[in-house]
Every structure is written in C-alpha cells, then in structure tokens.
Amino acid sequence: MSDGIEDAPLRIFLVDDETPARTRMRELLGDLAPRLPNLVVGEAANGREGIARLPETRPDVALVDVQMPQMSGMELARHLAQMERAPAIVFVTAHNEYAVEAFEVNAIDYLLKPVRAQRLEAALRRAVANGPPDTTVLGRATHGPRRFLSVTERGRILLVPVTDVLYMKAELKYVTLRTPEREFLLEESLTSLEQELGALFVRVHRNCLVARRAIKGFARGQDAEGDGPGWAVLLEGCDEPLPISRRQWPVVKQLAAA
Amino acid sequence: MRCARPATANDVTILSQNDFPDALPDFRSLGVMARVLVGVTFAALLAAVLRAASPDEIVDQMLGMAAVLVPALLAALAALYVAGPLLARASYPVGLTLVLALGGLVTFAAWALVALRGGEVSTAGALRAVAFALLLTGLLAGYFQLRARAFSPALAEARLQALQARIRPHFLFNSLNAVLSLVRSDPRRAESALEDLAELYRMLMADTRSLTTLAEELEVTRQYLNVEELRLGDRLRIEWRTETAPRDALVPPLLLQPLVENAVYHGIEPGIEAGTIEVAVYRQGDRVHVRLTNPYHPDHQHRQGNRMALANIRERLALHFDVEASLEQGVVGSSYEIHMVMPYRRSRA
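In the order they appear, the protein sequences are chains X and U. Take 8 as the starting number for the first sequence in our numbering and just add one per residue. Take 212 as the starting number for the second sequence in our numbering and just add one per residue.
Okay, chain X solo, but in the shape it has when bound (with noise of 0.2 Å):
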C-alpha cells in the first residue's frame, strides 16, 4: 500500500481522558510505524488541553475519545474544525450506541474501542485521504447544544464558555459576540446560533440574541428603526442598552414577567 504519505511520517495527536486508553493506542501506532511511519506528535486529557496544545504540534490526524469530561470529542472537533490546517479526525469510543445513532455512516470515522490495529490503519488512511471532517456534519452529530464558542485568533483557538456571553450581534459578515471582559468575532450565521442555544438566549432584534440570564431589566430608549421612542433590554456587566423591535418586544416582555 502506497498512497504517498509514506514519505513523511504521519503527525498524529491523541486526546483521550483515560491514561491507559493512550498508552495503549501509542503502542499501536508504534506497531503500525513499518507500515505506516508515524509520530504522535502530542497528547491531552480533555477538550480544553486539546484546543491548548494541538494548534502548535500541527498534527496530521487527531485521534480524539468521544465520551470526556467537561467537552466531548465531538464538540472538540467542531472547535478544531475552524483552525487554518485542521487536523483530520478519526474518533474513538466505547459507546456504539452513539455511533450507530448519530454517525452519519462514512460521514464521520470512528474507531470501537479496544482498537485493532488493522483497523486503526484502515481508518487512518481513509482519514488523511478525506480530510478534516464538515463542521455542519458534526454540528448534526453533536448533541445538545456546545458549552463553548470559539474563535481563532494567531493562529490559536480561544474559547468563550456559552455562559459568558452577554449578547450576540450579527454584522457584516460576522457575528460579535460579547461577554463582560471583551469582544469577539464569530464566523457563524446568527440563526444557526439561534437554533442551538435558543434555551440560553432571546432574540430582541433581527440582529441580536441577548442571554436570558443576564437581562437585568428594561428602558425606555429609542426605537431600533430610529423612528420614535422604543424599549431597550439592559443586560448585567454591559453598560450599553440594547434597542427591542417592536416585532419581539411581546416576546421579550413575555420573558420578563415570568
């Protein structure tokens, strides 16, 4: 079997909060190297060391468990999808049951732990063929909503927890997310945001979801097509009071009372 990716050994990453589960897929991987030259390049214990060390160790494919505390492997890989040179993906699990449910079959690879070595040879040559994985493909495979929203700047990836976002303001092109410390921007469609974390927030214009937790009360202010007097939500830690259209202000009010 030669594809071409013999002539540099494959840079692999592994993410796994067992420390047996990785000791045991590097001896593998040291097992596959005559055949399939590799390095596992780095290592981490959860989602968010994952996001911290992966970028710098630039890793071919990432092997990532899908059941971790804190992040899942899935909601990982969607975080990672959005680098620059994002890794391919092949994930590991003990849980067919998820796999079988959500996997979209040949859409997303995975492994069934204890990993064969054939078979994690198999997958890691279908992996590098097929690239990194569709983020709207894991979007559909994750469930529930993500607990972080990221975004990359230099080359990093920096996480904002779901809960700390005060407001989110579609733009342009992007969307700016706010939390108390600063600004973000988001390369994600507000709608699509809308339909995920439509538990956490409201909608109060055609352009901004605020968090419900964070709405401290309401001012009189100027209406938000600027024609005559309106409602304003104030949110707690954010000095700026955000316009309601008229269209969602009974939704808003509604919110408020209960």
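Any given hint might turn out to be false.
Stated by the list, open to error - Derived Cβ-Cβ restraints for the label pairs, each shown as a range: (1) U:S421 to X:R126: 44 to 52 Å; (2) X:T142 to U:I483: 18 to 26 Å; (3) U:S403 to X:E160: 42 to 50 Å; (4) U:A409 to X:A129: 28 to 36 Å; (5) U:V394 to X:L165: 35 to 43 Å.
The hints are simulated quantities; they were obtained by calculation from the structure and are not laboratory data. The beta-carbon is built from N, C-alpha and C at its ideal position, and this holds for glycine as well.
Based on the hints, put chain U in the right spot on chain X.
Frame of chain X; chain U shown alone:
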C-alpha cells in the same frame, strides 16, 4: 464464594421469574412485631363487634378477650423472638407448623390461667380461643408471605440492573482497553486486573435473594474500585473509613457496590480535576451506618439509572429490614451524600 458452579444461560432465565422461596418473616424485626400487634388487635376488635349483642357490650367483650389475648400475644412474640433464628433454619412447612402450634399453645395456656382464677372452665371456650388463635396466626403468615412476594421482583431486578450496568459498554470496553494497555508493560498488574474483573462478574451473577455479610459486600466494592482506579488513575481518590465496620453484619447483596458505581459515574467521570469518594461504614449501638460522599457536578445531567438503583436499594432494604432501615440522599455543599442505616444483624457463621 457461594457460587462454585459456573454461571450458565439458565441463570439468566431464572432472573426474569419471581421465584421467591417461601420463608417465615424475621421475628426479631420491629416492623414484623408491629404488624403482628396491630393485626391481632384489629382482629380482636372485629371479633368483639361481631359477638356483641348491643353496642354497649363491645367494650365488655373486648375486655374479656384482652385478658387472654394480651398475655398470649406477648408470650408468643417473646417466644418467637427467642426462637427466630432456629425457626429460620427449618424448612417453611416445619417452621409454619411450629409457629401455629406455638400460637395455639400460648393461647390455651393464657385461657387456662384466666379460667382457673375465674373458676369457670368450659371446653367450648378453650376450643374457641385456640381456633381463633390458629386462624389468626395462619392469616398473618399468609399476609407476610404475600408481602414478601410483592417485594420479590425487586430482588430479581437488582441482579438484572447490576448486570446491565456491568454490561454497559462504557465500563466493560474501557476496562478491557485499560487491561490491554498493561499487558506489555506490567503483565502482573494486568493479571490481577483480570482477576478482579472475573470476581466482580461472578458476584453479579450470583444469587441476590439471601443476605450476605458486610465483609463480602466491601470486598466486591473494593474489586470494582480496583478496576476503576486502573482506568481513571489519579482522578479517582478513595477514602475508606471502614476500620470499625462490623464485618459480620448481614446486609442485602449489591447494596454498596451500585451506590459506589453511581458515585464514580456522576462524581468522578464528569470532572477534569481529581475527586474523592468517601466510604464510611461504622456501627452505632445496634445500627449499622453507611455514609457515601462524592463530588457533586450540578451541570452533569443525572441519568435514569441513578434513581433506579436508589429505588431498588430502598425496596430491598424495606423487604429485609422493614421500618428499621432508612436511606437518605442529598446535596451538602459541593458534595452528594448518601446515608444508609440498617439494624445490626450478625451472621450465624
């Protein structure tokens, strides 16, 4: 180990049937005594109402009966308390016959005592009292039997649930994967890990209907935690406070292990940082206390399994110890705590 025979497919089919063996209730249990007292008193009241010609006579009838009933009942309960362990060893038909005989005997003795003092001796009165006692004893035995049968599905379920939990791919495959990771570097540890796994499965497939000793239950829990420690490494810390545990106390099997498993699943696995599970078992007077503490993760959604395991353990505690056992759970600060109290019954061995 009680089960020398290897588990077969038959064991699994038995699981689905409620083949609860006929057995006498535990006569030393407060709940059983209370039920007997209440049952007999109500029966006497009913008899008094039926026999009384007018409403005024009810009290007289009741008083007349109480003279025989109260000493007979107390003597019977005392005798059963003493003979309880012996009766439990006999087969159900023999035990039941002995209990009926005892009921008849104490009633006759009490009647004789009252009759001799009053001087009025009638064979019909004696027969009536003894027949009443036998009927009542039989009815109560039937009631306890029905009650035990009503709870028996809980016993079969405990085993089924424990098996299903073990068959949970998360535990089984991750554990096997962890053992595989040791085979090359530390074959001896791999061996002992496989032995722990085997023992654990053997225990889970064994009979859960009879009581086991606390020592055995602690051992199963330890084997389970050995396997989890291998997998979770430094993240799992265990503090055992079992030095003063009454190791000969009788407890329902699979009482502690499923609770500790929940503690790992909900308290340790969702966290990145290391977490501590504290297992405290101690004796206070005639009570055995079990306290289990683990870190609480409010944002981790609790699955159905947790409540099912708790409900099942509650049912089995009620079956074995009636009102004398309790199980409380709750969040205390940043940890989740379970506190279980059972009467201290010593194993005969």
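Going through the hints against the structure:
{"no.": "1", "hint": "U:S421 to X:R126: 44 to 52 Å", "result": "holds, 45 Å"}
{"no.": "2", "hint": "X:T142 to U:I483: 18 to 26 Å", "result": "holds, 25 Å"}
{"no.": "3", "hint": "U:S403 to X:E160: 42 to 50 Å", "result": "holds, 49 Å"}
{"no.": "4", "hint": "U:A409 to X:A129: 28 to 36 Å", "result": "holds, 32 Å"}
{"no.": "5", "hint": "U:V394 to X:L165: 35 to 43 Å", "result": "holds, 41 Å"}
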